[in-house]
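So the sequence shown is numbered by the working numbering: it starts at 1 and just counts up by one.
Hints listed in this document are in silico derivations from the structure and should not be mistaken for laboratory results.
Here the structure is a predicted model, which means the values were calculated and not measured.
Yeah, the Cβ is synthetic: ideal placement off N, Cα and C, and Gly gets one too.
Worth double-checking, as some hints may not be accurate.
Simulated restraints, written as ranges between beta carbons of each label pair [said to hold, decoys possible]:
#, residue 1, residue 2, range
1, 29, 49, 28 to 38 Å
2, 31, 63, 15 to 25 Å
3, 38, 62, 31 to 41 Å
4, 57, 32, 31 to 41 Å
5, 40, 67, 31 to 41 Å
6, 59, 36, 33 to 43 Å
Below, simulated EDC-like cross-link-like pairs (lysine to aspartate or glutamate); rule was C-alpha separation at most 20 Å, straight line [to be verified]:
#, residue 1, residue 2
7, 44, 68
8, 55, 68
9, 67, 29
10, 44, 60
11, 33, 16
12, 55, 42
13, 32, 42
14, 26, 42
15, 55, 29
16, 44, 16
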Amino acid sequence: MCIADKICDAFFCAVEVIVGNIPVSKVIETAKKTLYTGHVGDGKIFVYNVQQVVKVRTGEENLEALKDVE
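Sequences are here, hints too, so could you generate the full structure?
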């Protein structure tokens with residue numbers, strides 16, 4: 001499972017990805033191949049642990065909270 005949120009304006013663009021059961025290395029390699037232009041501004045990838053996820057509306061937690069199936 002992979003959840004992405006894209007945030008863009010005229011000067012800045014960010015994509016946040018939370019990975020549940022997809023290998024992080026696969027997501028990183030895919031992002032590197034997709035984002036690469038060879039020019040300044042290709043971006044940076046930050047990897048960190050998410051301790052807990054809670055979907056406020058439903059109370060679901062962790063992997064269940066990442067699913068958008070109603």
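How the hints compare with the structure:
1. 29 to 49: 28 to 38 Å: violated, 19 Å
2. 31 to 63: 15 to 25 Å: holds, 21 Å
3. 38 to 62: 31 to 41 Å: The hinted range 31 to 41 Å holds for residue 38 and residue 62, with Cβ atoms some 38 Å apart.
4. 57 to 32: 31 to 41 Å: Once the Cβ atoms are compared, 34 Å apart, the range 31 to 41 Å for residue 32 and residue 57 holds.
5. 40 to 67: 31 to 41 Å: holds, 38 Å
6. 59 to 36: 33 to 43 Å: holds, 40 Å
7. 44 to 68: violated, 27 Å
8. 55 to 68: This hinted pair holds, its Cα atoms lying about 10 Å apart.
9. 67 to 29: Violated - the C-alpha atoms of residue 29 and residue 67 are around 23 Å apart, more than 20 Å.
10. 44 to 60: violated, 31 Å
11. 33 to 16: holds, 17 Å
12. 55 to 42: violated, 32 Å
13. 32 to 42: holds, 9 Å
14. 26 to 42: holds, 18 Å
15. 55 to 29: At roughly 29 Å apart (the allowed maximum being 20 Å), residue 29 and residue 55 break the hint.
16. 44 to 16: Judged against 20 Å, a Cα distance of about 12 Å means the pair holds.
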